[in-house]
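Q: These are the residues of each chain, in order.
Protein chains: 2
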Amino acid sequence: MVYADQGRLALMHKYWNAANYLTVGQIYLQHNPLLKEPLQPEHIKPRLLGHWGTSPGLSLIYVHLNRLIQEYDANIIYLAGPGHGGPALLANVYLEGTYSEIYPKITPDAVGIQRLFRQFSTPGGVPSHVSVPTPGSIHEGGELGYVLSHAFGAAFDNPDLIVAAVVGDGEAETAPLEGAWKSTQFLNPQRDGAVLPILHLNGYKISGPTVLGRSSDESIEKLLSGHGYDVHFVEGDDPMQVHQDLATTLDLCYAKIRSYQEEARTHGFTRQPEWPAIVLRTPKGWTGPKEVDGIPIEGTFRSHQVPVASVRSNPEHMRIFENWLRSYHPEELFDAEGSLVPELAALAPKGDRRMGANPHANGGTILTELDLPAFTDYAIDVQKPATELHESTRQLGKMLRDIFTRNAAEHNFRLFCPDETNSNRLGNVFEVENRCSVEPVISIDDHVSPDGRVMEVLSEHLCQGWLEGYLLTGRHGLFASYEAFAMVSASMSIQHAKWLEESIKLPWRKPVASLNILLTSTCWRNDHNGFSHQGPGLIDTMLSKKGTVSRIYLPPDANCLLSVADHCLRSHDYVNLIVIDKQPQLQWLNKEDAIDHCTRGLSTWQWASNDEFVEPDVVMACAGDIPTLETIAAAWWLRKHIPELKVRVVNVVDLMTLYPSLLHPHGLDEATFINHFTHDKPVVFAFHGYPRAIHEVVHGRPNAERFHVRGFNEEGTTTTPFDMVVLNGMSRYQLCIEAMRRATRVRGLTAPLIAECNDILTRHKSYIQANLEDLPEVRDWTWTN
Amino acid sequence: MVYADQGRLALMHKYWNAANYLTVGQIYLQHNPLLKEPLQPEHIKPRLLGHWGTSPGLSLIYVHLNRLIQEYDANIIYLAGPGHGGPALLANVYLEGTYSEIYPKITPDAVGIQRLFRQFSTPGGVPSHVSVPTPGSIHEGGELGYVLSHAFGAAFDNPDLIVAAVVGDGEAETAPLEGAWKSTQFLNPQRDGAVLPILHLNGYKISGPTVLGRSSDESIEKLLSGHGYDVHFVEGDDPMQVHQDLATTLDLCYAKIRSYQEEARTHGFTRQPEWPAIVLRTPKGWTGPKEVDGIPIEGTFRSHQVPVASVRSNPEHMRIFENWLRSYHPEELFDAEGSLVPELAALAPKGDRRMGANPHANGGTILTELDLPAFTDYAIDVQKPATELHESTRQLGKMLRDIFTRNAAEHNFRLFCPDETNSNRLGNVFEVENRCSVEPVISIDDHVSPDGRVMEVLSEHLCQGWLEGYLLTGRHGLFASYEAFAMVSASMSIQHAKWLEESIKLPWRKPVASLNILLTSTCWRNDHNGFSHQGPGLIDTMLSKKGTVSRIYLPPDANCLLSVADHCLRSHDYVNLIVIDKQPQLQWLNKEDAIDHCTRGLSTWQWASNDEFVEPDVVMACAGDIPTLETIAAAWWLRKHIPELKVRVVNVVDLMTLYPSLLHPHGLDEATFINHFTHDKPVVFAFHGYPRAIHEVVHGRPNAERFHVRGFNEEGTTTTPFDMVVLNGMSRYQLCIEAMRRATRVRGLTAPLIAECNDILTRHKSYIQANLEDLPEVRDWTWTN
Ligand SMILES: Cc1ncc(C[n+]2csc(CCOP(=O)(O)OP(=O)(O)O)c2C)c(N)n1
Ligand SMILES: Cc1ncc(C[n+]2csc(CCOP(=O)(O)OP(=O)(O)O)c2C)c(N)n1
Ligand SMILES: [Mg+2]
Ligand SMILES: [Mg+2]
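Quick note, the sequences are listed as chains A and B, same order.
Quick note on this note's numbering: the first sequence kicks off at 111 and runs consecutively.
Quick note on this note's numbering: the second sequence kicks off at 111 and runs consecutively.
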């Protein structure tokens, strides 16, 4: 099978020239876009910014995918791993017409081309990387490594879609990328779309050779076929031969993909197919200058960014540059007005089939909202606060189970988790859903099947990357992780937040479902796993993201968790962190109170306070389940031992309410803030995370210095649960001491009580060493009046 | 070649029984350690914590490596990827005698065994995971994924050493682990030691099957041989057959390793060897209970943690447990005193050859300090502050070059970098050192060779993991990364900091060289790469680590960078972040002033201040190179336009000086703090990172609310350098406005000047859009009097 239409290949070569021409133009030119005049220094931009090296490869693939789409009416989106090749993607979406539709100022003529050039990587213009403003993109590629996980996420539950994923050979060295090849073991040809990886071996990264660039075809074949791929090599530096081979190979790959799918869709899933993958070996900076100043450029790392510099000031460089640019023969590509000549324009797919216009790459346009059950159906019947123990996340598990059921027909919801669904007490989902695997299943396996939608892989990177791809193509999901190990993919949370920060500025990008991250197995209750598992750091990371997209919730019990989860699953364009432990814990609020509390974001818990009719001596604030437990137990102890001390308890479920309202849309107005925290009374604050983060948040609030925060102070090991809070100075007794110290009005009464608290702490230490368990009075404490 | 000594294998089997017995004992028993009495509920611990499933595999390997060491006098250390198998490693270092030497209370007799059991995972005892207190470990394994990168780091420049690295099949799904197999492409048999990966396919992770556990031998063979390994399978559930096969295979692997090394050391490096790797398929929880309550346990995920629970209260479980424990026949393993019987004790290696005692696993004991040149030799001759532009990191590159040269004989220094050494302006190292690669080198490559010690791989995970392994085995290094992408391996920085936090508490762990991380290509000067490359978040992450180990330096210029780098390279047991950009930048301090400044950590820059003889109206503080530039330029502008305003400039190079001294050893005492910042004058603070982090740090300082911080506010794109500071409100003009607003004394004078600043900002916007470059008055600004 050899691709036979030579005439078409010749035209495609010209189209590729046009793309390359526009790429170079974006990097270099500010005037004279079509070289109608002799090139002058002032036509050149003063600062030359952009990445040429990867661009001809990206365009080559684009042009060939266009053909595939046209010939088969294929539904394809394009993910550019080497996202630094921004100008190539811009060139292609411009040539196919999408760009002008979305950005009407960039007209399909000489004026438009000049604007296209000038805006690139300049102030007020567009970024140098494939990015949110680039039509057709769901992947920015600035931070290399996620193209394959995003691609698979996009393909899940999109049976008709093919996701072409270009992987740079440098990018292929990153851990997240290497960890994503195995996604094939989770892709089901019966119900999912396909990913076509195109590993682009241009031999170099920024300045060194690449591992795979130097590997033999044989090694690469082994590696990828070990992951289950059927590997096709396309190699060369003669354009027409490469066009021929690539076209032939793409036809072959397309046929294979469709035949696997047809087979599975006709006869049911039987086995994991050998999905095709393409290895493309072409020179870096192909068609660029061969040599500059006697040094080879094309085919070397030196073409990575700007292959010939100082063009304005160095006439020899100017000559090289002009020859390069003219080698594409713009006069043959664009007509007198500067529009792409019709026989080339005809090569682009039409309408939504254009990769820049494919609705899957603007997921919000095809988003169906989740059909959510009433979260109150899963509420725990809390008759009296703080009397019964329940695993809060288990209630969420039940709700997730029913979300799976209600949305089964839409198949637009998945749960992603590094093998901890059961451990995190979300196991009720297995009543209706399975873990997904297309590898052989055996009898002792627990709820594993090729059509499961619980995506368990021991990789936070893969879980999060899949989910991001799934969300950006218009679906919904939840990533549940041990709190500490959510830091493993923290940089992905950052990059996704950045994506959203940009996307909400663009009216044509429609809102997508939020990235919901459930952090459980938290620092306070990882007493059995020890220090490595104790780290609430993702809160600090997300605090730095913009208020427009970043949300942090610390529900103190099951009913609040349900309310928060309901809110998050309905929301759009946010990164929602939800932090709560999985162990049995006291429940505080009945469903009505929980809804009210979560709607406000924080509230004063009157039942736990004793400051009716007076200003309190001290405000005891808490955010997080364990801090709430310790705070309430402290308030209870104080009420019993020193009723003269007027204590107000404030519970914070939405951390962002504490931010000054200028900084975050959830920030309480000052009057409400003062209503809860008073204007100047001391606040003893028990916080789930690193305590000093609270100072970062409340700065700017009246008398912010009066916030005295206890939290996770990086003290941990394997010990008892209560010892964890003692080690970090956040135990009920330490909170009592702090409250009594800060409340000056009752100072005369506190000395013996402080001594008593210290005694209990001493007793605690020796008790746990003797009994390996916590003091019964602590373990079995409940609220009594 | 078949391992022939059946008698020895039979003894090894008993030794393995002893290790398994001690493992189970640690998880379950608090009394009756050798089952001399009938088992009673009160002998059982009240909380059963620990991971059984992985342990028999870990011990099996340990026992067999012991034999290899004995027979060949081999120099081997053991890295347990599934670090949750803590009790197995403890059992083995106890059996070989190392544990009692380091912890004399845990005697080699019944009393010692009982203490060993009781301390495990209990308050005041030892962690449940392989961890810092575990002799012989350089790898904690709590956060899965780094065992191979640590192993290769340990093997680099350790020609005699073999690093056995056990990889869990769940762990093998993590991205960092998958990204580390390719480390073979950087391992030189001539000068480096060897890594022997042992991929332990026990089929399951916590509750699901593993990808590789379900893959065929053929796929695994392809995968690993694609990475260059020579794969050996050992599979089975009949212990004696597995003993036989594993012994035979280990002999074979050992012979291959030594022959590759001998070949390369005799004839020079010629090609990358096919390093052996072992794939071990044995049941999860092997030798544990087969069934509990009719449900299969051994060989399933159900044996992951505690395979039979409620032993105290459920008599049937008690029976299962007792049978299990007695199946190891403790009476045949330990003598009347509870000491290991002599014929088993004889199986352990002796002295430093015991894996728990190998000095490489306690790197500080064999650390040779670096021979550092005088850093002042690389100083820039700064005659007058703020008049000349230099690339600061280039001076560091020269110093690194000479560090390579001076320590060439010790070969104990490497530079790790994701392919950015040149880009980061550290390229002078290539005058004396090469990039490392054992793949084919071709003529257009730039300084690539199999004996290079510049480790460039496009993986922050691999760079950092290698460096950590290198450091923990007693060597030195630097990890240089684009600032934003240091977040990719942030969780590794956290875990390494945790390791150090624990290690400094143990006198027997000797100090190792600090983990030095150079963050360059910073947010402020990634105007050309755009938003994805703009993220100073690692500062926030490291601020939460303990003051005992965490350091953050923001040198404002080359001479300060040299002084800081010198200090960091001499230091021990810290994580040092050094943050500075690579672009040409104004230089402030001559070498004497730089030394003085860096020694203090912060100082008032008198030359830039105009508050002689009076208290200033406003303190203008800055931390970081670009914030310093903007602050000094602001001070200059204010002095020119409103000399009545008394401004003091304070520059912070050591961020930790701002912490209250109780919180960090570098924290300035209050008097010194007030000397610089006054007691109550407004402070306009320009900060390199997210501004609110400063509030987290200065909380507790006198009138901390008067700190008004500008910094990176998550505003970015591709634009001009100055526009980046304008977008984030940190430009000189915005700092001037803020200073004038805050300085109440001169209020009458400021209105027209504030208007002027705003005018310039407006002019700036239109200028850069028209000219694509910054205003000349900004770009060319220097300090004048
Ligand atoms: C995680 C990460 N680390 C480092 C970089 C810096 N960087 C940008 S491009 C590049 C080289 C990419 O090489 P390759 O993937 O081969 O792309 P191509 O050769 O096609 O340009 C590097 C290291 C990055 N963008 N992301
Ligand atoms: C990065 C990370 N994510 C999640 C976990 C939680 N976890 C602990 S053990 C484990 C399963 C490990 O499976 P495997 O590597 O196969 O070890 P083994 O079967 O030998 O116990 C998981 C997911 C972790 N420790 N680290
Ligand atoms: Mg490349
Ligand atoms: Mg396993």
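Hints listed in this document are in silico derivations from the structure and should not be mistaken for laboratory results.
Be careful, since some hints might not be right.
For chains that are exact copies, the list does not tell them apart, and a pair is met inside one copy or across any two.
[What the hints assert, rightly or not] Straight-line alpha carbon distances no greater than 25 Å define the calculated DMTMM-like cross-link-like pairs of lysine to aspartate or glutamate that follow: (1) 366 x 328; (2) 875 x 211; (3) 124 x 498; (4) 400 x 556; (5) 494 x 181; (6) 124 x 348; (7) 494 x 887; (8) 875 x 152; (9) 791 x 815; (10) 656 x 384; (11) 875 x 340; (12) 460 x 345.
Q: Next step is simple, just say for each hint if it's right about the structure.
A: These are the hints, each one checked on the structure:
1. 366 x 328: The answer is both: 22 Å in one copy and 23 Å across copies each meet 25 Å.
2. 875 x 211: neither (70 Å within a copy, 28 Å between copies)
3. 124 x 498: neither (73 Å within a copy, 49 Å between copies)
4. 400 x 556: between (59 Å within a copy, 17 Å between copies)
5. 494 x 181: Intra 68 Å, inter 69 Å, cutoff 25 Å: neither.
6. 124 x 348: within (14 Å within a copy, 66 Å between copies)
7. 494 x 887: within (19 Å within a copy, 69 Å between copies)
8. 875 x 152: between (77 Å within a copy, 21 Å between copies)
9. 791 x 815: both (10 Å within a copy, 16 Å between copies)
10. 656 x 384: neither (43 Å within a copy, 50 Å between copies)
11. 875 x 340: Neither, since 61 Å and 53 Å both go past 25 Å.
12. 460 x 345: Neither: 30 Å inside a copy, 56 Å across copies.
Hint check: violations occur at hints 2, 3, 5, 10, 11 and 12; the rest are consistent with the structure.
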